[in-house]
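J.: So you can see what is in the structure, the chains are spelled out below.
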Amino acid sequence: MSFAQALVVGGVLVSSGTLAAVWRRNQATAMAAVPVLAAGAAVCTAGVTRFAAGARSLETGQELAALICVMALATSILGAAWMRGRAAR
Amino acid sequence: MDLVLTIVFYIFAILAVVGALVAALAPTASLRLIGLIGVAVGTAGVMISLSAWLVALIALVCLGASAFLVGGGREVRAASATPSAWFREAGFGTQVGVVAAALLLVLLALVATGGSFSRGGSGTAGIGVASLGRILFARDALAVEAAGAAAMIAMAMATAVRGGRP
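Line order of the protein sequences matches chains A and B. Under numbering that gives the first Met the number 0, the residues of the first sequence are numbered 0 to 88, in order. Under numbering that gives the first Met the number 0, the residues of the second sequence are numbered 0 to 165, in order.
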């Protein structure tokens, strides 16, 4: 297992998230792209920490990964509430 | 132990990637939800194999909750026989987006496997993209986070303004 493999997995997830965003026709179902994109970015940043050599702050990548996951949840909450508000109008 | 972690990495990576593709292409809400749950579980497993136990728990909770929030919803789609037929019927913007997603996959794979970033080199160009990336993600991580949050807020506000128009 190497950094390149973690980057490939993260890249495939980001590309799949992009595909989900453009493939879906209505905005509510296009929101499915948010957790997929966040997962790809989180895997990449966690991989940086796992395979970093000589870094001064070893937890930075894990910190970024956790923040990306929380941001994805916040965006999903906002998007879901927004879509339900639009549907109720 | 390293072999076990490698096997765990591959199993959960496959689960996450298959879940992401199912979430992107599935025609029904239930399949989409299953795909997103697969992404959450797979990402948590990959985090465990990368020795990030706490992040794995956070990813499982946050991405799982996101899956339940955005996994539902009915797809308003024309009754095309196959995905390829739907692609031909899609608008120009969607077709360009799908091609751009494929190009993004190729570009990221090239960077991950063929570039100097994963090997730890400083790059051959004068700018030194790889070392710049390491500085952004390591030394100045907080500044990058602040810039990303500002960009996200700006995009959300722009979308809100655009969505408010009749």
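A portion of the hints provided could be inaccurate.
[As the list claims (entries may be wrong)] Stretches of chain B that chain A covers, calculated by requiring three or more beta carbons in the stretch to come under 8 Å of a beta carbon on chain A:
1. 9 to 16
2. 42 to 56
3. 93 to 106
Just so you know, the hints here were simulated from the structure itself, not pulled from any lab data. The structure presented is a predicted model; accordingly, all values stated were derived computationally and were not measured. Positions of the beta carbon are idealized from the N, C-alpha and C atoms, including for glycine.
J.: For the region 9 to 16 of chain B, do at least 3 residues have a Cβ located nearer than 8 Å to some Cβ of chain A?
T.: holds (count 3)
J.: Using C-beta distances, would you say chain A covers the region 93 to 106 of chain B, given that this needs three or more residues below 8 Å?
T.: holds (count 8)
J.: At least three residues with a C-beta closer than 8 Å to a C-beta of chain A: is that true for the region 42 to 56 of chain B?
T.: This one holds; 9 residues, not fewer than the three required, reach chain A with a Cβ under 8 Å.
Checked against the numbered hints above, the structure breaks none of them.
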